[in-house]
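Q: Let the sequences and hints guide you as you build the complete structure.
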Amino acid sequence: MTARIQVGGLQVAQALWQLVDSDICPGTGIDSATFWAKFEDIITEFAPINVALLEKRQQLQQQIDQWHTKHPAKDVNPDQYKAFLSEIGYLVPEGDDFQISTENVDHEIAAQAGPQLVVPVKNARFALNAANARWGSLYDALYGTDAISPQDGAELTKQYNPIRGNKVIAFAKHHLDTAAPLVQGSHADVTRYYIDAGQLRMQLTDGTITSLTQAQKCVGYQGSADAPSAILLVNNGLHIEIQIDPDSVIGSSDSAGVKDLLVEAAVTTIMDCEDSVAAVDAEDKVEVYRNWLGLMQGNLAASLTKNGKQILRELNDDRVYTAANVNASTDANTVTLPGRSLLFVRNVGHLMTIDAVLDKHGNEVPEGILDGMITVLAAMHDLKGNNNGRSNSRKGSVNIVKPKMHGPEEVQFTCDLFTKIEDALNLPRNTIKVGIMDEERRTTLNLKECIRVAQQRVVFINTGFLDRTGDELHTSMLAGAFVPKSVMKQQKWIKAYEDWNVDIGLECGLQGRSQIGKGMWPMPDEMAAMLEQKVAHPKAGANTAWVPSPNGAVLHSIHYHQINVAEVQQQLKHRKRASIDDLLTIPLLDDTTTLTQQQITFELENNAQGILGYVVRWIDQGVGCSKVPDINNVGLMEDRATLRISSQYLANWLEHGLCSAEEVMAALKKMAAVVDAQNAGDPLYINMAPNFDGVAFKAACDLIFKGKSQPSGYTEPLLHAYRIQAKAG
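Using the numbering used here, the first residue of the sequence shown is number 3, and each one after it goes up by one.
If you are wondering where the hints come from, they were derived from the structure by calculation, not from laboratory data. These numbers were taken from a predicted model, which means no experiment stands behind them. It cannot be assumed that every hint is accurate.
As the list claims (entries may be wrong) - Calculated cross-link-like contacts (lysine-lysine; reagent style DSS-like; alpha-carbon spacing at most 27 Å):
#: 1; residue 1: K629; residue 2: K672
#: 2; residue 1: K76; residue 2: K494
#: 3; residue 1: K708; residue 2: K491
#: 4; residue 1: K386; residue 2: K397
#: 5; residue 1: K541; residue 2: K575
#: 6; residue 1: K450; residue 2: K58
#: 7; residue 1: K710; residue 2: K494
#: 8; residue 1: K487; residue 2: K629
#: 9; residue 1: K491; residue 2: K710
#: 10; residue 1: K84; residue 2: K450
#: 11; residue 1: K629; residue 2: K700
#: 12; residue 1: K422; residue 2: K397
A: Below you can see the structure in the form of structure tokens.
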């Protein structure tokens with residue numbers, strides 16, 4: 003039983019009460035008793051509204067289900083479908099044009115285009131790695147991944163391979179030529195970098211003295227002007243530090259003594275309380291909140307053992323340079339850049355409740371409301387400067403990403419909640435900013451109106467293919483059988499969705515005030531493919547996109563040097579908006595397509611393997627997002643979004659008779675043995691086969707066989723219930 007403390011009408015888990023009373027409140031100007039009294043007032047007012055919004059989701063879904071039952075998809079035209087969605091209030095009228103007016107937006111959000119990490123804040127080491135991934139070694143990211151081909155003797159070996167190293171250096175020098183080209187020659191030909199009269203000069207191998215084609219791209223240096231240890235460059239708003247040390251192992255072999263390029267990479271990071279986290283009770287939430295508090299106080303630390311040595315990981319300090327004073331437009335003698343990524347915090351959505359606090363009726367409180375209140379209270383340490391000299395928001399904002407909101411009403415609920423939290427904690431209006439995740443169809447179709455109600459708070463919108471597809475599947479579950487997952491990305495609604503998000507964002511004035519983001523690269527080991535393909539995101543007008551690792555952030559930063567996103571957005575403002583008819587084209591199998599048994603079996607096993615590989619770690623070990631080998635042993639980042647799409651796919655195919663329950667169960671049992679083998683090296687792993695009676699296997703089965711009845715197709719209710727059962731066991 004959870005030990006609880008009575009505070010007013012609330013029953014608060016003792017561990018959470020202790021955290022708030024002893025660790026979070028001191029230094030905020032808010033005492034514990036006041037905090038819980040204000041929270042109880044908010045719960046009393048907002049919990050019933052939260053319930054009503056969830057009931058409306060269910061009501062709309064029932065109406066859509068009934069409509070699809072009466073109207074075969076092949077007989078429906080777009081105008082008829084839109085009229086129906088408007089009639090039931092799913093599609094709302096679009097209002098007049100407007101421009102958002104968000105104020106006090108951090109520079110990293112408003113002005114810098116660059117990679118974004120999403121990391122489970124429940125894991126302190128992961129959180130620190132991500133926060134410190136604002137800067138990363140380009141040489142290390144290239145050398146240690148498949149971004150550099152192993153051909154021609156450039157294999158990745160235990161000992162340093164100079165052939166591979168030379169490929170890394172050649173790549174990096176070419177990157178410099180792209181980001182900061184010289185008037186003459188190449189960075190590969192430089193034998194000396196130095197500062198002369200406030201300008202960067204380079205001496206080439208033939209003795210020529212040259213400079214940058216754009217002198218203002220050199221903004222600072224470290225060391226002496228005559229022999230600097232670092233040169234700071236800027237291009238498209240992102241920085242590159244040329245590190246010079248002729249006595250180092252790498253620098254001694256470089257003609258200019260360059261030992262590395264330290265690049266600005268993860269400009270922003272989302273510290274996640276939601277999708278990547280397995281947090282189901284008060285014990286888990288205390289861990290989540292404690293780590294977020296440490297980030298806001300600037301004192302989070304984690305110990306780890308590396309190569310037999312104990313290492314203490316802490317947050318990086320800011321980086322300081324002597325100003326190059328190229329344009330003499332400032333009297334400042336130094337340039338100081340943040341050493342850490344700007345941190346958002348992702349609260350959970352509106353669906354789940356949590357036993358960390360019980361209301362006056364003994365009911366669990368909405369988890370999203372608890373997240374909002376406590377993460378903002380913790381962030382007050384940053385706002386008040388209680389951050390150990392490691393500030394997060396320099397504009398005095400708390401940036402919260404809010405997932406899984408359905409339409410403008412739910413966005414309005416979030417904004418109203420943030421207003422009440424500001425009042426409760428004595429914060430100026432609109433201190434709390436909101437990131438709107440465009441991952442539910444009702445939000446996509448009404449995105450302009452969602453942004454309108456948050457126009458004084460919005461700092462982020464993004465697309466998320468996986469959750470968005472999961473919602474597409476569940477919303478249109480009864481319309482018919484969906485095309486296989488392997489061809490979903492070729493369907494017309496996907497391109498319309500990705501374009502629509504950018505189009506609406508630019509129409510509403512997000513350029514220069516807010517992030518327009520794109521989704522995750524799901525294969526953390528496939529960096530060569532990411533370098534080739536993810537440039538599509540800045541080309542699409544996104545000024546941020548998700549990456550799965552610090553190395554991924556370093557490599558994705560290259561794309562923002564190649565593409566000036568602000569210029570791309572300026573061009574995209576003039577294109578025709580994406581088609582809402584395309585958005586509403588349900589990706590169903592047509593009458594002319596007959597899947598072979600081999601195709602069906604592949605889809606069943608592929609989905610079953612992905613579900614099991616993720617669920618078994620989530621339920622048995624409490625591991626949220628992780629790299630899970632797929633059916634071909636390729637490591638994929640799996641989370642609740644991937645689980646939602648896979649489970650809803652199988653539920654849809656069961657509903658429409660493309661497969662039988664017996665075939666699905668056979669695939670699950672076959673893949674359970676495969677997943678067991680893939681996890682054979684994990685001493686904590688509990689095998690699912692051959693008995694198939696464990697909690698994790700049952701959870702995976704329920705996600706499929708009960709998938710049709712899950713609210714919006716979400717996986718959280720079943721995951722949480724089975725994880726609580728596993729913890730109790």
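Q: If a hint holds in the structure, say so; if it does not, say that too.
A: To see whether the hints hold, each was checked on the structure:
| no. | hint | result |
| --- | --- | --- |
| 1 | K629 / K672 | 21 Å, holds |
| 2 | K76 / K494 | 16 Å, holds |
| 3 | K708 / K491 | 26 Å, holds |
| 4 | K386 / K397 | 12 Å, holds |
| 5 | K541 / K575 | 13 Å, holds |
| 6 | K450 / K58 | 20 Å, holds |
| 7 | K710 / K494 | 25 Å, holds |
| 8 | K487 / K629 | 20 Å, holds |
| 9 | K491 / K710 | 23 Å, holds |
| 10 | K84 / K450 | 17 Å, holds |
| 11 | K629 / K700 | 22 Å, holds |
| 12 | K422 / K397 | 21 Å, holds |
In this structure, none of the earlier numbered hints is contradicted; all agree with it.
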